[in-house]
Amino acid sequence: QSKEPIKVGILHSLSGTMAISETALKDVALMQIEAINKAGGVLGRKLEPVVVDPASNWPLFAEKTRQLLTKDKVSVVFGCWTSVSRKSALPVFEELNGLLFYPVQYEGEEMSKNVFYTGAAPNQQAIPAVEYLMSKEGGAAKRFVLLGTDYVYPRTTNKILRAFLKSKGVDEKDIDEKYTPFGHSDYQTIVADIKKFSQGGKTAVISTINGDSNVPFYKELGNAGLKAKDVPVVAFSVGEEELRGVDTKPLVGHLAAWNYFMSVKNPANDAFKKEWADYSKAKSLPTAGKPLTNDPMEATVVGMKMWKAAVEKAGTTDVDAVRKAMYGQKVVAPSGFTLEMGNNHHLYKPVMIGEVKADGQFNVVWKTPTTIRAKPWSPFIAGNEGKADMVK
Amino acid sequence: MKFRVLNCLFTLVTSLVIGNTFAADLSQKDLVQIFGEEFAAKQSSINKIIKAPPEVAAEVLAALQDESLLSDGKVVVIKTNEGYLDPISHVIVKIDESSLETPNLNNILRSDIETAASQFKLLSKDPEIREQSLNSLMADMSGLNVAIVKSAKEKESNAGLITKFNELIAMLDYPSSNEEDKIKAIQTMGNSSSAKVQEFLKGLLKKNDAGEFIEPNNTLRVAIELALRDYQSRKSRSEIVSNIFTGLSLGSVLLLAAMGLAITYGLIGVINMAHGEFLMVGAYATFIIQSIFRAHFPGALEYYLVFAAPFSFMASAMLGLVLEYLVLRHLYGRPLETLLATFGVSLLMMQLVRVIFGAQNVEVANPSWMSGSFMPFQSIFPGLLIPYNRLIIFFFSIFVVFITWLVLNKTRMGLFVRAVTQNRTMASCVGVKTRQIDSYAFAFGAGIAGLGGCALSQIGNVGPDLGQTYIIDSFMVVVLGGVGQLAGTIIGAFGLGILSKFSEPFIGAVLTKIGVLVMIILFIQKRPQGMFALKGRSAEM
Amino acid sequence: MNQSFHLNIPQREPILTTKWWMVLLALSILVYVLVPICSLLVPEGNVFHLSAYSLTLIGKMLCFALAALALDLVWGYCGILSLGHGLFFSLGGYIMGMYLMRMIGTDGVYHSELPDFMVFLDWKELPWFWYGTNHFVWVVFLILVIPGLIAFIFGFFAFRSRIKGVYLSIITQAFTYATMLLFFRNETGFGGNNGFTDFKRILGYSISNPGTRVVLFLMSFTMLVAGFIACRRIVQSKLGRVTMAIRDAESRVMFSGYDPLGYKLFIWTFSAFLCGIAGALYVPQVGIINPGEMSPSNSIELAVWVAVGGRATLIGPIIGTFMVNGAKTVFTAIAPEYWLFILGSLFVLVTLYIPNGVVGLIKEKILKK
Amino acid sequence: MLQVQKINQFYSGSHILRDVTFEVPKGSLTVLMGRNGVGKTTMTKAIMGVVPIKSGDILLEGKSIIKMPSYERVANGIAFVPQGRDIFPRLTVHENLLVGGASLKASKKIPEMIYELFPILKEMSHRNGGDLSGGQQQQLAIGRALMSQPKLIILDEPTEGIQPNIITQIGETLVKLVKEQGITILLIEQYLDFIKKVADKYVVMSRGEIIAQGNGSEIDQDGIGQLVSV
Amino acid sequence: MQTSSSTIPIETTDFQPEWESKGNSGHFLEKGKIDLSHGEILYIEDLVVSFDGFKAIKGLTLDILSGELRCIIGPNGAGKTTMMDVITGKTGPRNAQVSGRVFLGQTIDLLKLKEPQIAQIGIGRKFQKPTVFENLKVWENLELARKSNKSWRVALTAKVNQDAIEDMEKTLLQIGLEKEAYIPAGELSHGQKQRLEIGMLLMQKPELLLLDEPAAGMTDEETMQLADLLNQLRGTCSIVVVEHDMEFVSALSGETGIVTVLAEGAVLAQGTMEHVKNDPAVIESYLGR
Ligand SMILES: Nc1ncnc2c1ncn2[C@@H]1O[C@H](COP(=O)(O)OP(=O)(O)OP(=O)(O)O)[C@@H](O)[C@H]1O
Ligand SMILES: Nc1ncnc2c1ncn2[C@@H]1O[C@H](COP(=O)(O)OP(=O)(O)OP(=O)(O)O)[C@@H](O)[C@H]1O
Ligand SMILES: [Mg+2]
Ligand SMILES: [Mg+2]
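Residue numbers (the working numbering), protein chains in the order written: chain A, 604 to 995; chain B, 242 to 782; chain C, 659 to 1027; chain D, 37 to 266; chain E, 1245 to 1533.
Hint data in this document are derived by calculation from the structure and do not stem from the laboratory. Fair warning: this is a prediction, and the values are worked out from it, not measured in the lab. Positions of the beta carbon are idealized from the N, C-alpha and C atoms, including for glycine. There's no promise every hint is true.
Unchecked claim - Taking lysine-lysine and the DSS-like style, the derived pairs with C-alpha atoms no more than 25 Å apart in a straight line are:
#1 K745(A) <-> K799(A)
#2 K1023(C) <-> K90(D)
#3 K437(B) <-> K830(A)
#4 K1381(E) <-> K232(D)
#5 K99(D) <-> K42(D)
#6 K1521(E) <-> K822(C)
To be verified - Per the computed footprint, the stretches of chain D lying under chain E, defined by three or more beta-carbons under 8 Å from a beta-carbon of chain E, are:
#7 157-169
#8 193-200
#9 222-230
For reference, chain A alone in the conformation it holds in the complex (with noise of 0.2 Å):
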């Protein structure tokens, strides 16, 4: 009976628009799957992966949900990238009392049971980017542009950011806000106008513009010579994955903030590059000519090791069980800091900010001394006063 493998559901879209970002999540996945059965399994049990493709369908996460809970009858589920497929298996992950690890930044407005949340809250990237834009050392800025794709997660983050710049004393009309429609290719207008708002003082562009859309517009950024210390631009969604199809030439020196870059110095990272590298090789997977790493895949990494190390100290996989184990578990993270599960279901994380070089890697120039506790309930936003930071 024990012998039996326990499984695992890897739920992220392999066709479709999302499949760009998410076909390497599934990877590293299995790649740390692999790495756990190598070393012995969970409680003496293999895992089995159960990978399926909800196809950047938002309804069919919900579907394959379902699939995975009641027919595969998986322990645990790796997956999503939008919020929205989020939300959509959301429900089914609370009917059927499922646990689903999401391993990507997002707007925070949410905390599940069911659910537990690897990637940033907005106060562990979108604030304290902007704080770095308004240092000295980021460069004083005193206008912000807030570009962005226009959905969800841009929306809040933009709101959020708005309400903190208006508590810095930023005035209203020293804020554009700007969004694009979904693939958008064509940034020549938005550019013009940001050149023409940085005319009024130092200005700071900050983008949660979506997938690919960036190229166009860090194309034309190029284009209109708006260099990075003229207007620097840091991006909340743009990571090595996303450098990976850029010329990075007239990118140099614009920003990006996450929790990991894969251009961090310590051991941990360094086994992390390795073994993904090998892994590529091994497997040959199309992009193993150039292996790189980024924050949602280290997040995906430390979520699976926390799992591990949570129905290990449970002893079982029984969702409620792994639930309260997985409360204060700590893991030593390629990002160099020891990251920790709040009772928030949201990973304490350090925050860097990274500057981008010419060979598309980041060069840090900026981090927290120390890991911060993500706030899903953001303070910006009314209607959050008095949240229980917890999960009862």
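With chain A's structure known, arrange chains B, C, D and E with the ligands on it following the hints.
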């Protein structure tokens, strides 16, 4: 070699600077601070470098900029061809190479360094470098030595740069000049096309914290206002021109995306849902050529596009041939079924690319002759900026249109293609080799799409979803222009481009997109067959 | 000449032959009796147990089938290939979604009367179009009217200016796409990209309750059957014949004194109406509605289902829907990386080798015998 | 020139051509006649390779052509003027004529002869084929067929919709083509007066079968008028 | 038979054409009736039609008396088909430049109406190229064409009644397609389609019947049968026939009927067959020597 250049620079700088009384001495200890973690320490260290004797400052700053300033944490050296040079004592020292690191600088520090270094570069032989340093000095005038600027101007021969020097000096001297000179300075600055100068003028009109005007003189303020107004009118003219250009450039992108479709769909009657994927194939073909050049002919990398364009045409065309042979051949005369089959094909092609190249985007870089931009007619259109890649793509799209027109209207094949489209059986019955024409025509359309993909790779992503981004727009353009009407496609593309670009500043990108779609829908109401509708009896039945 | 010639045509063609009525009856009994038993009474683990997973899965397909049926009516019988039926489907879904959002009440994360997304966008009150959406009757009314009304207005202008063929297809696509972008915007008031989700109950019953699920399932089945019979009825009527004539030779129809506008509009609006109902039933079963449903590829896929099953057959689209979606469900699970190859090839092969769809194939086979 | 041997053809189950056998002698003008729906057009289409045939053979100058696609048959010297004309509606008159010469190596100039026959074509050479009136289109179709320098021309009811004086002229032209240029012609026609003037040989079809044939001069004697009407 | 009665009711039962003749003053007119008070059913004056500068009709004036059977002949491209296109609304301000007056009866301005309205007030037309509903069976073609209320609401519940069946039987016999009644019209031969289309017109029971080369593609005998058929219809409606077959025209016009010759978009000659045949201009441009 480098050593010698630096030495040269020295003598120049020394001869230039009249007095350096306030030059402070610099020590290794100051320099080492740049290699630390503390931002404030780094900044103060850089300040010290700037204040150091000019010859030392110039050398250290230059070394910082080209990343040859290294340290093992204790000693700071400059890497030269002769060996490692101690910047303070100016002797070659021995040091363990493996422990040397560059300092970790951020944007702010780098731009401080750049501004400081710019002063010393005003005498560079290369006018471009002189212009760059002038520009960066204009952007940040703090800590600038007027004497250096003035003596550099004396040596300047380039008329354009002299104007710039004058503008810079006008700004620098303004606070300390008398009224007459101020009027002259305002004139000089008023004629400038630089936004920085205008900002400076605007700043003069503001009130300081005490509520007094920064420029207390009334007449001068009026003069400034007039100068600004004049600038403003030039500026808005320039904005219109720039909008037209961005519109045309968006139009040319749409045109490149739609051109292949205009052939495969408009002429051959295949509703090709895989059209986007032919664009994608073209883009990936460009990527492959680039990779080959990178690996085997790095010297010629600049010119990889010259090979990539025909190659992407061929790649897409070959694929078109295969698709035509395997699938479409059996579906002629059943246009709606081609829609379904090609939809399946598009799924297949996307997934195939994902499997081969990975789901992530691949990198296609602009060659340097396609990056950056130039600023023509600054005196008439201040701030007008034309990016090279946009301009080249514009001309490329015209070129593609021309080729298409040539093939379709000036060759027998074009005639036969049109005949076959209109009546397949009859064309065969007058001796047109329909099968051959079908394959050629479709391959040609696919090839044109491939060319489009090659161009698109220069401005956007190259990934498995590339095609999806453009497919809807392509259909819009073709339908708006009138199916089967090349001229319509062209007008449609540029019309849409310019329309979008004129409305975007007012209602934003999202509403513009919606608005444009709604406009197309309304427009088709008026002209159900598109802008260049077919007329006459033949269109009716 | 043969003067004693008599034309034998039935007064009105029967909607179904007796044989098919019996099949339908048997099927209904099976569904109405067995589905509740198998999903509610048979214990889990038993082979005959119908899991919630299968129930929602089939329920979803029933809704898709209804939408496909609706598309077949306009495409198969009137020659209008709409690439925008996803819009009507989503509209129905969104209206139902509004009701379900209101039914969450104060159980949302902000414990507000307003839907969550409005709270965190700082909206203070409901936009006007949300009024009354907490009343089920009003919502049902909207579901029945709005998709049809939008279709009517769009159709009126399109058909009046005689837009046909691919032009029509493309502008329906543009229309849907524009609406999708509109719905993506948070300001529009429909929850932006995330849409509506996290529903709790419908008419007071918990939405995750097995009983509720069975009822929703049976509703979908009933609507599909009703829709099928209604379409059959329309197709068999004179109106259906005129529509087919319009498909073949629109101008001749006009010279025979018919104004195609009314005919096309009726079929078009009715089709949108069915689609809206399908969408409304779909949402409570899958638990989410968002602008992604309006993406052009969804609408194209709908057309693919119709084509796979067989155009202008009514039963074909239903079969096609189940086949394609069934294949998708199976292959996304067993071959997650390669299912697109399978699906893509399926589309190609079907169009190449069974041009008249599965039903056409069966008909041919039977005819040959 | 052309031998049709035991052709059988079906349209979705119904037997249209039944063992049709006849011959078009070289350098002659043969007329194929018959009532509506007996299969004349189907016959021409079978010769052109537009409809598949079930069994039988068609020989052009002794060579079987049934395996060839239509355009190869054209390249072998057959030209076709179909019933309903099938002009390319969105090509100009000039282009329509050019396409007619598709089987030739390179496009030639349009022979003056065609314009002499149908002056209207020159006048309208830049209008779209589809805009022409019915009769003008018919003239264009004949002109187009002549473009390929054929050995055998098949005309399916070429006089349909054409004004009387041009019908006469077409008749004269056909005769001239046969007599002067040695072109062989297979003509489908219903118009008896016209047939009498031009036919060297006639063939009568009924319900997919050949029921009579003979010399053109003997049509009246054979009482063909009756046969065709019934 | 010359009808000089003032009005002919087009429909006695439930028929309500969906049009409104605006600005028609002078005569009190019941809705749905053609005012024939001057004996003319069709009246064309100074009609000019041009397509992007090409004048297809140049100042055509023509009137057709009620109950008349008028033959129109003329060279290819004379504008005969175009004239019919204008009368039936196929060509109009929407796709050409049209000026002049085209009236049905005294009061109905055809240039203002749309195709279906024109068909409903009683103009039937056969096209030069036969057009039938290919996917419908022959009887269904006839049934659709039959005069009845053509609104979609009625069509939804309409039944094929006994009258209709009898009408169809009669027509099928008239056009000799009784054996083909149950096959799809797409499977008919050219001539058969030609006849089916005429049958559809008969079902439509028009006041004015426009036939564009109805005999094309028919055998001589069939042509004569058609002539008989049209002669039988004489009196029940007014007919305009365009033909190139002189025998057919002769058979239709008889000795007294008027034949109009169009050339280059205008009337070249008009008179009895005998008169026209001997007109040198007609011989020159049309008949040939
Ligand atoms: N596409 C088709 N499908 C099925 N049957 C057809 C088709 N085309 C023609 N037929 C049938 O084949 C028979 C012969 O038709 P065909 O066109 O050859 O006649 P035809 O002798 O040319 O007559 P006409 O003088 O009217 O042109 C007719 O009975 C017709 O119904
Ligand atoms: N839509 C159009 N666009 C351009 N020219 C047209 C159009 N319709 C008709 N014409 C031209 O108008 C003239 C008259 O054409 P019409 O069809 O009326 O002639 P017709 O008298 O019917 O000739 P036929 O006896 O050959 O049928 C022709 O020269 C034709 O080319
Ligand atoms: Mg025929
Ligand atoms: Mg005509």
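Evaluation of the provided hints:
For the given pair, K745(A) sits about 15 Å from K799(A) by alpha-carbon distance, which is consistent with the 25 Å threshold. A C-alpha spacing of about 21 Å is found between K1023(C) and K90(D), which places the hinted pair at or below 25 Å, so the restraint holds. Of the supplied pair hints, the one linking K437(B) and K830(A) holds, its CA atoms being roughly 15 Å apart against a limit of 25 Å. Restraint check for K1381(E) and K232(D): not satisfied, since their Cα atoms lie roughly 38 Å apart, outside the 25 Å limit.
In summary, the hint linking K99(D) to K42(D) is supported, as the alpha carbons are separated by about 16 Å, within the 25 Å threshold. Only pairs whose Cα atoms come within 25 Å are accepted, and K1521(E) paired with K822(C) is rejected, the gap being roughly 46 Å. As drawn, the stretch 157-169 of chain D meets chain E at 4 residues by the rule of a beta-carbon pair under 8 Å; at three or more, the given contact holds. Counting residues of the stretch 193-200 of chain D whose C-beta sits closer than 8 Å to any C-beta of chain E gives 6, which meets the bar of three, so the coverage hint holds.
Counting residues of the stretch 222-230 of chain D whose beta carbon lies closer than 8 Å to any beta carbon of chain E gives 3, which reaches the threshold of three, so the coverage claim holds.
Hint violations for this structure: numbers 4, 6, all remaining hints satisfied.
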